[in-house]
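Residue numbers (the working numbering), protein chains in the order written: chain A, 451 to 701; chain B, 112 to 474; chain C, 17 to 309.
Among the clues, some could well be false.
Some, not all, of what chain B presents toward chain C, calculated at C-beta under 10 Å [as the list claims (entries may be wrong)]:
(1) Ile259
(2) Leu307
(3) Arg325
(4) Phe385
(5) Leu416
(6) Val422
(7) Trp425
(8) Thr427
(9) Gly439
(10) Leu446
(11) Leu447
These are computed hints drawn from the structure, not numbers from a lab.
Heads up, the beta-carbon is just placed ideally off N, CA and C, and yes, glycines get one too.
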Amino acid sequence: MTQERLVDPAVPVPEAKPLLEVDKLAVTYSNGAQGVQGISLVVHEAEIVTVLGRNGAGKTSLLRGIAGFLSSEHVTVTGRAAVAGRDVAGATPMKSFRHGVILVPERDKVFANLTVEEHLRLATRGKRDRREPCAFPALDRLRPAKAGLLSGGERQMLALEVAWRNDPRLLLVDEASLGLAPVAVKELMERLRTVARERRTALIAVEQDASVALRLADRAYVINHGRVVWEGASRQTSAATIAREYLGTGR
Amino acid sequence: MTGSRGEPSVVLAGHEQRPSPVARSRRSRLPPTLAGTVVFVVAAVAIFFGGSDNVLYQSVLIAIYAIVTVSQEWLFGRAGLISLGPAAIMAVGAFTTAQLSTQGWAVFPVPILVSFVFGGIVGLLIGIPGLRFSGLYLMLTTLALQFIVTFAGQKYQGLDHLAGFTVNPPQWGSLELGTPQALFVISTVILGLILLALHAIYRAVPGRVWNAMRQDEAAASVLGVNLVRWKLTAFVGSSALTAVGGSLYAYQAAQVTYSSYSLDLSLALVVMVFIGGVGTLTGPILGAVVIVLLPVGVQQLAGTLSGTGDVAAWLTLHQAIIANAVYGLVLLLVLLFERDGIFGLLRSLGRLAVSLGRTAVRR
Amino acid sequence: MNTDLANIIVSGLTTGCIYALIGVGFVVVFRATGVVSFAQGAFMVLGALLFGTISRHGGGLAVGLVVVCAVLAVLGALVYRLVFARLVGAEAFVLSVATVGLGTLVAAVVLLIWGPTTIVVAPQFSADTRYHLTGALALTPRDVFTLVLTIVIFALIMLGLHRTPIGLRMRAVAGNARLAAHVGVDVVRTSTAAWAIGGLTAGLAGVVYLLGTQPDPGSVYSLGLAAFPAILLGGLDSVAGSLVGGVLIGLLQSAIGVYIGGEWQDVVSYGVLLAVLLLRPQGIFGSPEVARL
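One chain only, chain A, in its complex shape (with noise of 0.2 Å):
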């Protein structure tokens, strides 16, 4: 068990305001499934948080209570999911995006019928210049390609990319580790991490891996069967174990 760490995470001042504030949230959906079933959680300003949990433990679930469902997908959502004390609970992603919240999803993350470059022109609502150089520097070489051909990391960066240039309050990034090659995922989330602390970007990040996770994040929320069944500080030794104990052996 090697538990290396990327960057020292440095932890919030105890002072810093929530920013997000989730409060029994319950998540149904139209053929009776339950995603949560309510669940609590706070992130401050600019805090890195990780919620580790198992398939189906209702980890994409929450994050879409928080960045809205469309109203044909008859979700039932109770409970409250406060972004700066506005309320964002069964909201549409519309009204979440308005709030500064973007989810960057686990799959279909990219349009794969737009360019790169197109990806960048779409982002609009931070003003900023479209030739400014990506947080990505990969992706500057590959702005005319198509977004369908990239190779999975290039997608997650991508991803990213056009959700950085919106700038969010609250980015919520579901499984980015998944399906890429461990050495990318380290490149990956060293990137994620340096950025998120440049803006001051609260991020959620909803992982499977711990390892990784928990280098990422400065707090951690472990949910099983849609509840929270553990929380703490990421770089408390029992974080990792608590982690193996829900997630599994060889995590």
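Starting from the known structure of chain A, arrange chains B and C on it as the hints suggest.
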């Protein structure tokens, strides 16, 4: 739209019918199935003994359309598919019946049975290419079928049979079955049998499989459901039954011509199923009632207004168009506000009445 | 070049232009909202009747086109807001059935207003002028108008999709509506614009068809359905495909009309539709994913 829908669960053992408040109430009542059967039989007997020839004629039409709409609901409500060519499949049954009715060996029920088989075969031929990909493609394939059948019917009739083919009335030995009374008995009995059969199928394993498929195709396929085969089964079955409807339609009209089985009829049938209510057997029957009675209603309205001259004349001239406008509007309202159609509306009203009644009794 | 061939080319191209105009609206709507629309025919009827009325009251070609474009664009947008924005995410066949209901309703209301008689239009072009190209190939002013209008519309749509911010947002919504919403694209507004374009182009298709014949409303309505082989051949989600598919089917039908007989036209093009379904379900230019929708 793509993307994960969270963590879906598919319950294969689930039952497709929603629990009705009637069934849940403490006083024991007739189970819905038995109640439905009683209503059906009582209505049929009442119409048979009490109805004039015209009422019988309209009732036969309703029964025939109900056969077709119920089999289309099999597609929409169970398999999540759509066909734009029910009239074309009806034409298959109708032309088959017209040809066989003149053959001495094909005594009465034979043409209907052959129509059933031919309808199924056409369903198979159209369904195999149509279902290779998705429901969208079945929609376009059945649209093509509609054009092709119309064309083939036109060519088949040629110049020799411009007005179509005559259908000899059904006979059973010396028993004449072409009378309105006999046709009424035949069509209601067939409709009743089809309803019982479908009811049994929907409650058994196939119904649950279709239900699971509609809830989540990916999950159903993970559980080992062969999606294409189950969809094809539904399409072939519903085509066979639709052709039976076409066969009866031929007997009723005593004549078959391609122009009766137009795209307009196809679309009207599809619309009616939705207006009546998808997801139950009663809904499509209500749809069939509407399809037959709405034009009659407009006509009646014109009749009562005959004193007012212009309005009545306008209504008479435009009755088909007015009926269309009503269909279109009601369909949109149904899809937007009451997905279960007229059936759902009646059910809600029924519940309201029951709860009001109960409060009144308690006081 | 003999006269037959020249006729086939000219009438094939003009018919093809009508299919292309019906098709492009269909494609734009399908890409943005995933709706397979059977309502294009009804929009065509309204466009044709509006234009006919304006022309008979002395309105010129330009006035007629502007009014038709404006009314049909507003109707298309309204239809999306009132109906399809509320049905987003419903099963594909429910959306299609809704377009059937919509088409029936619009066509019926239009016929109640105008009456179900032949649509009459005041002549817009000289009937005798011919622009001779090579050999027997000659175009009437109406042919020229049809070709130019179609080319202009396609050029505008292509440029709009690929060179403007709203076009980029439309393509993003077409690619993945949910993701677009998460990165701040106003999906409802974008889809409304797509439906406006769909209504507008269908209205123009109705006008172009009207200028070639004096049709009854029923035949205009069914033309909206007769365009499906062309749309599928080009690819359900390809703007360029709707032009190519339309012209190919137009030429094919016109050749069949000359050599075999007019009654074979629809059935052969629907035969093409079946062949495309079996051999290349995404059509010439469509993306393969569409086949799996």
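We went through each hint and held it up to the structure:
Hint on isoleucine 259(B) holds. Least Cβ distance to chain C is approximately 6 Å, under the 10 Å limit. The restraint placing leucine 307(B) at the interface with chain C is violated, with a minimum CB-CB distance near 27 Å, outside the 10 Å limit. The beta carbon of arginine 325(B) comes within 8 Å of a beta carbon in chain C, closer than 10 Å, and the hint placing it at the interface holds. The restraint placing phenylalanine 385(B) at the interface with chain C holds, with a minimum CB-CB distance near 6 Å, inside the 10 Å limit.
A least Cβ separation of about 16 Å between leucine 416(B) and chain C goes past the 10 Å threshold, and the interface hint is therefore violated. The interface hint given for valine 422(B) is violated, since its Cβ lies 13 Å from the closest Cβ of chain C, which is over the 10 Å cut-off. The restraint placing tryptophan 425(B) at the interface with chain C holds, with a minimum CB-CB distance near 9 Å, inside the 10 Å limit. For threonine 427(B), the interface hint is violated, the least distance from its beta-carbon to any beta-carbon of chain C being 13 Å, above 10 Å.
Of the supplied interface hints, the one on glycine 439(B) holds, with its beta-carbon coming within about 3 Å of a beta-carbon of chain C, less than 10 Å. Hint status for leucine 446(B): holds, given a least beta-carbon distance of 5 Å to chain C, under 10 Å. Look at leucine 447(B): its Cβ gets to within about 6 Å of chain C, closer than 10 Å, so that hint holds up.
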